[in-house]
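K.L.:
The hints should help you fit chain P onto chain U, whose structure is shown.
So you can see what is in the structure, the chains are spelled out below.
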Amino acid sequence: MAMAASEIEALIVAGIPGATVEITDLAGDGDHYAARVVAESFRGVSRVERTRLVYAALGGRMGAELHALQLTTALPDAPLGSGPEQG
Amino acid sequence: MTDDSTQSADLARIADLVGKSDVLLFMKGSPLFPQCGFSSRAIAILQHLNVQFDSVDVLQDQGIRQGIKAFSDWPTIPQLYVKGEFVGGSDIMMEMYESGELEQLIEDQGVARAE
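Chains as they are written, first to last, in the UniProt record's numbering: chain U, 1 to 87; chain P, 1 to 115.
For reference, chain P alone in the conformation it holds in the complex:
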């Protein structure tokens, strides 16, 4: 039930968040307490890759929760962004992780590794 101006404000907030982080995961819950199996899987993959990332808990913000689906034209959460580009959800992350493509992407983009 958002009007157009609210929605464009949400989209602008999302674009700002995506632009500020090299690796950003929109998820349900937090990395310590994922609230959904798919988000949990996405976190596990990022941790295995030892990559430094930020996360946004969509459950805390209805504007972002709805807006992110329009932003990427993608109906599900989690959603991973690397250097501002939409990479995919947890299934795509898993496929890319298993084939080594996700590591390659992280490498190619020069993203910082976690300490």
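Okay, chain U solo, but in the shape it has when bound:
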């Protein structure tokens, strides 16, 4: 029950207006993704609440058909390379 990366991105952008979403297919199998969501509306919002906003945008698919989604959230002015991909 995989989801396409484009579908995940579209849901997040629809749920969090102005968000930029970067999706990485981690295993190349269309089932293990990492998503980095950058949004101005995250300002002043805790990590847990930011993640809840993204989960809400995904409309109940998280934890169901969408199991393997690594999720990080950031503000637009976060320094470059501050994401988890930094080695």
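To be clear, the hints were calculated from the coordinates, so they are not data collected in a lab.
Just to be clear, a hint being listed does not mean it is correct.
Ranges of calculated distance between the beta carbons of each label pair, as one might list FRET restraints [said to hold, decoys possible]:
(1) G59/U / R113/P: 37 to 43 angstroms
(2) E107/P / A5/U: 34 to 40 angstroms
(3) Q104/P / G59/U: 33 to 39 angstroms
Just so it is clear, CB atoms sit at the ideal spot from N, CA and C, and this is done for glycine as well.
P.N.:
The following block gives chain P in isolation, referenced to the frame of chain U:
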């Protein structure tokens, strides 16, 4: 397929578990044999921090497996609790670990370190 009384019993069991441990991880599998990459990552972080923690294998208990999602209003597992407070899942743990916030939280809460 749980009725309301079963669900509230599960939630009460979860609240009891969360209250009894300073650091508690709900996970899939055990610390020695995590059954999912996210749980494995959460365990690695706790071990790096050298913190004393308890874990609950949700795969062994369907009531807890479903109940924990309602308890925290959080749809995924693992879930970390420190001193009864929900901290987050493995992605949040990783972000907090990398920024030093998780260590700070452990420090501030006066949680015991592993031997």
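K.L.:
Next step is simple, just say for each hint if it's right about the structure.
P.N.:
Now the hints, each set against the structure:
no. : hint                               : result
1   : G59/U / R113/P: 37 to 43 angstroms : holds, 41 angstroms
2   : E107/P / A5/U: 34 to 40 angstroms  : holds, 39 angstroms
3   : Q104/P / G59/U: 33 to 39 angstroms : holds, 34 angstroms
Checked against the numbered hints given earlier, this structure breaks none of them.
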